[in-house]
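There are 2 protein chains.
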Amino acid sequence: MTLHPPRLAHTGLFLGILAFLAALPAAADEGMWLFSNPPKKILQERYGFRADDSWYRHVQQAALRFNNGGSGSFVSADGLVMTNHHVGAAALQEMSTPEHNLLKDGFYAKTPAEEHKCVNLELNQLVSVADVTDRVNAAVPPGSDPVAAEKARRAVMNTLEEESLGQTGLRSDVVTLYHGGRYHLYRYKKYTDVRLVFAPEQDIAFFGGDPDNFEYPRFDLDCCFFRVYENGKPAKIEHYFSWNPAGIRDGELVFAVGNPGHSDRLNTVAHLEFLRDCAFPKMLDQLRRRELLLSIFSRRSKENARRARDELLHLQNSRKARLGGLEGLQDPAVLHARRAEEETLRDAVENDPQLRGDADAWKKIEDALKVSKQILTDHGLLERGAAFQTRLFGVARTLVRLADETDKPNADRLREYRESNLESLRQDLFSKAPIYKDLETVKLADSLSLLAEERGFDDELVQKILAGKSPRRRAAELIDGTRLEDVAVRKQLAEGGKQAVEQSADPMILLARLVDSEARRLRKIEEQQVGEPMQQAYAKIAAAQFALHGTDVYPDATFTLRLAFGVVKGVDVDGVQLPPWTTFAGLYKHSAEHDDQPPYQLPPRWIEHKDRLDLSTPMNFIFTADIIGGNSGSPVLDRNAKVVGLVFDGNLDTLVWDFAFTEKTARSIAVDARALIEALQKIYDAGPLAEELLKGHRGE
Amino acid sequence: MTLHPPRLAHTGLFLGILAFLAALPAAADEGMWLFSNPPKKILQERYGFRADDSWYRHVQQAALRFNNGGSGSFVSADGLVMTNHHVGAAALQEMSTPEHNLLKDGFYAKTPAEEHKCVNLELNQLVSVADVTDRVNAAVPPGSDPVAAEKARRAVMNTLEEESLGQTGLRSDVVTLYHGGRYHLYRYKKYTDVRLVFAPEQDIAFFGGDPDNFEYPRFDLDCCFFRVYENGKPAKIEHYFSWNPAGIRDGELVFAVGNPGHSDRLNTVAHLEFLRDCAFPKMLDQLRRRELLLSIFSRRSKENARRARDELLHLQNSRKARLGGLEGLQDPAVLHARRAEEETLRDAVENDPQLRGDADAWKKIEDALKVSKQILTDHGLLERGAAFQTRLFGVARTLVRLADETDKPNADRLREYRESNLESLRQDLFSKAPIYKDLETVKLADSLSLLAEERGFDDELVQKILAGKSPRRRAAELIDGTRLEDVAVRKQLAEGGKQAVEQSADPMILLARLVDSEARRLRKIEEQQVGEPMQQAYAKIAAAQFALHGTDVYPDATFTLRLAFGVVKGVDVDGVQLPPWTTFAGLYKHSAEHDDQPPYQLPPRWIEHKDRLDLSTPMNFIFTADIIGGNSGSPVLDRNAKVVGLVFDGNLDTLVWDFAFTEKTARSIAVDARALIEALQKIYDAGPLAEELLKGHRGE
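Protein sequence lines correspond, in order, to chains P and H. Residues in the first sequence are numbered from 1 upward in steps of one, following the working numbering. Residues in the second sequence are numbered from 1001 upward in steps of one, following the working numbering.
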């Protein structure tokens, strides 16, 4: 239960600031490599591994992105998709009811007819990548001031995507790589008819819960299987991963293929210090506050617990991950090493007549960070929505902005309202995912209080937002009064455009309109005075890196498809050498050591059917590949691109990988492919599903 | 589980700022009255209640203060003491071991020999009160500047207390009442040999846990019985409360006698706004952070949960209480009413030639609050110890300061090192209460990180404190390295005085010494530029109140003995009229409604012995008396001063009582005396204890 990238609406405190960084030349098994520039040389030299382009093409096409944050892959010709339970959790939550808690109790469709349609899930298969760097750079003349540059860059990206969508019908995203050193156009085939095939009970998927999260040894069956449909039938898939029933061996080379979310490996030291002293502490305060709020809500009743479950687990996971990241930033050794690297690079830039002109990049970043620090709180509250923690406000804002933005030419729109993104945006906006007004009220009341605490209760905007009431009463009034939980009402407003939105008396629409000018003002500052100058400065640093070290490096993570590699390898913990895998026997032992109490209690069928299992079956294994949040659900492949495992976590020492890679004591963690087959056959009586995995197609 | 005043070391963010306030003239059943000035007129007019001085003297002497925060009373001639389970919780925690978890599983001493001696508990019986206002005022000449005034006032208080201790041998505390309008010398008989007689299981004492805390209807057996010993034998007690086995009636006048901790009912509006926008949000952020930290620690194992239990429950209680307080401050109606009162008073002062000179008091308070706001964070971190959350740092600091302060004349010392307080201070310092190094390390690491987050990691003092390490490593080093968990080491250092402390290489002593000059500097600012000017300003406002409304008012709470009164009365909740008491039958129903799951599971003996109980027995009742945190464990008395109940909580609407009293929907909550007898006899086979309560002495 990790490796989820921050959900945009929740923890995206610095998305705009940080999404454009590149990494240093690789050492050890480091690297989240592009499929357009795979590490062929390193693989051959270090592991004697050679594969032709068809290997890479096959792997790329069999891999999937879960658009709500996570990775997956095709594992049969009949559209079967494998991912983690915790990647599927949001979908499971949305399908659950008080009577059928799929998230907690699991699910298995014995027949195709029983496969359960997801409420709102979009899977992306990467079809092609094109380099559009020249077109982007041509649109942004060198020396443009940041305001013009930001506008011009946004315009050309919106336009490129619209053109591509028109030409191909494929989802088209311009991705900024190497901090602006390169721009690639990614085209995806979208799957939106996704159905649930199998999920285990959460007690075994997330065995050990928060205490064991990011730990090893580990005993989780963190898997979930979906199937994509087209025209009402299981999709026929050309590229899928077949199964290696023999599994991994100690020391073996393996690959992890997925979508790492975000990394900060070439941040300047000043930028890391900003994260350490400002961004991370603020983010963690809000994560803690929201986690505690939902814990308290959940304690009141079983149904409350069910309603808040997925969000609470997500918050716990984020809190533990970010806390690990902060600990990394607070480790003087980490920053010390980065400072030394930075000094070397700056010296080299100063001493190179070609590069000397770019020596001001570090100063530019510091200047931008000063602005970022000034607006951090208000931008987080009003634009990122920390003050309005309810999905109903998100719906209202989207409706308000959709009306405003679609009135403008595509080139001028905010990125998320660009023509090429509207289909995905509407799928989210009109999602029938359940909304529980009691939970929404509790969340909104607390976040309105946060707003009043941060800006002061008597602040003019706060007073307008609260309308003369306490946060608790105002939240109740807003949630009781809005009708936006009704998808038909949303559709009416979306279709009615600006006039309908302006005439709406819905209190949540009125609130979204009330704060929009201030929120947009803050966003503009962030984009023009923080994002753009930093992007330009980081592009200079990247260019210096390329000039000095060549372009055979990987870019920082951007929640796009990457290839990582490493070996299956045990780990030394406080002087004790742990073997590279655990077994089912260890699972039962670990549960007994905790008196079988939560979060170490086993689901009933695991107790009933224990004697059917081969207890020596490897359950989870560790390896050295370079993966981070977003890689959850990535398949682990052998040299023949066959499935030997399923990535679901890293140990605590991987949490520093957001900033710096080390493989001394850090390990990625996967479910062993043999454990999946054994559990499906012996515990879940899901023989047909196991057969489909082993054979690569459904039985008749 | 409420009404605990904030523990000084934990949440005392503003002790220095706020502990000197008085209240408005009483309305309804409002008032926390002094025994030296009881509300005789109101009681006679409203309830026809008349009692002579002996009634008040008897009640005063039978009441007790639990010095670690809470109230209690003598309930037999043989030294039996009644309080709440949650007041006794810290003592229960200290007596617990992995094998015998007294806090969770309860305890009953069938024979006197089995009574379990507490590790560190001091009970105070108020023997006498003397008005020393003239002596204090004479020592602080009018017009003194704040620096001189603060010093002179501290000196005279330290001296008065030392004199009184010398003369009487009694614990002697000068209490500042009515914001400095009056100074009273309180003399207490101390009991330090306190033994545990009976505690129920925490699952029934705190049935419903955090979700039901501060709620009604309620079903808690929140009681605990101790016995005080003198010379190794049960103390012989002259004044104790006898039992009324018939219990309360609806509408009956009742009294609550206890030690309300702290109230802010005559704060200026600016001061309340400071609490709302600065002090409360900061305090709540820290409470949430610490609660979550201990929750996470507790989830790792049963033994972890046991170790952190009392502190975690205390943090949960504080969080819920302070959150309710903040909600009150954020209710515009509350501040609106206060603003109107303040304007009326200020107009009256401006228009009164005698008072006009004091009209600058409000401005002085605003000025002091500006200073307070500036130092709030650093003062909290370094002087209040938010940066060093381990008892071992508290021990180290006390040793360092004890050596420094006892080198000075008594008059010049910091208040807590005054001669008259040293005995109590040493009892705490040398307490053998268990210290768990794993828990202390987790707490210290998190609070050192807080320090680095708040001041910036590269701050000079932070760097000195961390000594080139991450907060986590530094905390481990400090806790592993210190030997202060050994009481003999503490005694050695205390006896060795300044020289021993200065020569000590104990890392925790070195840390306490390192931060002491900055901590003292902040304390001095707080005392001289915040506390003293505010005390002077509030004294002026109080004098204006006395001049305009007479002195027949009660002072704000000061954790000293007070009398509150009210009637047993049901409450309207969202249009539903709830009866004034619950029953055992309701307890079983409430548990079943929650599937008997935590925190609604009943202890085994409550299930086994259910059929023995008279299920119609009233369990908890509500009444209108004005009580707040610190009143926990107060006896509820009838007109004859006989016990009819045991205060343990107020409903959510009482949480605003810290700032303003209202009895519309706010109610105090007590355990019914009949429930105590019924449970002792039928559930716990504790007939002899029930007999002692009913007869007023132990059977032979």
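If you're looking for bench data, these hints aren't it; they were derived computationally from the structure. These numbers come from a predicted model, not from an experiment. Glycine included, each C-beta is placed from N, C-alpha and C at the ideal position. Where hints are given, some of them may not hold.
To be verified - Some chain P residues close to chain H (C-beta under 8 Å, calculated; not the full set):
(1) Gln44
(2) Phe457
(3) Pro471
(4) Asp595
Hints, one by one, checked against the model:
no.: 1; hint: Gln44; in the structure: violated, 39 Å
no.: 2; hint: Phe457; in the structure: holds, 6 Å
no.: 3; hint: Pro471; in the structure: holds, 6 Å
no.: 4; hint: Asp595; in the structure: holds, 7 Å
This entry does not satisfy hint 1, going by the numbered hints stated previously; all others are met.
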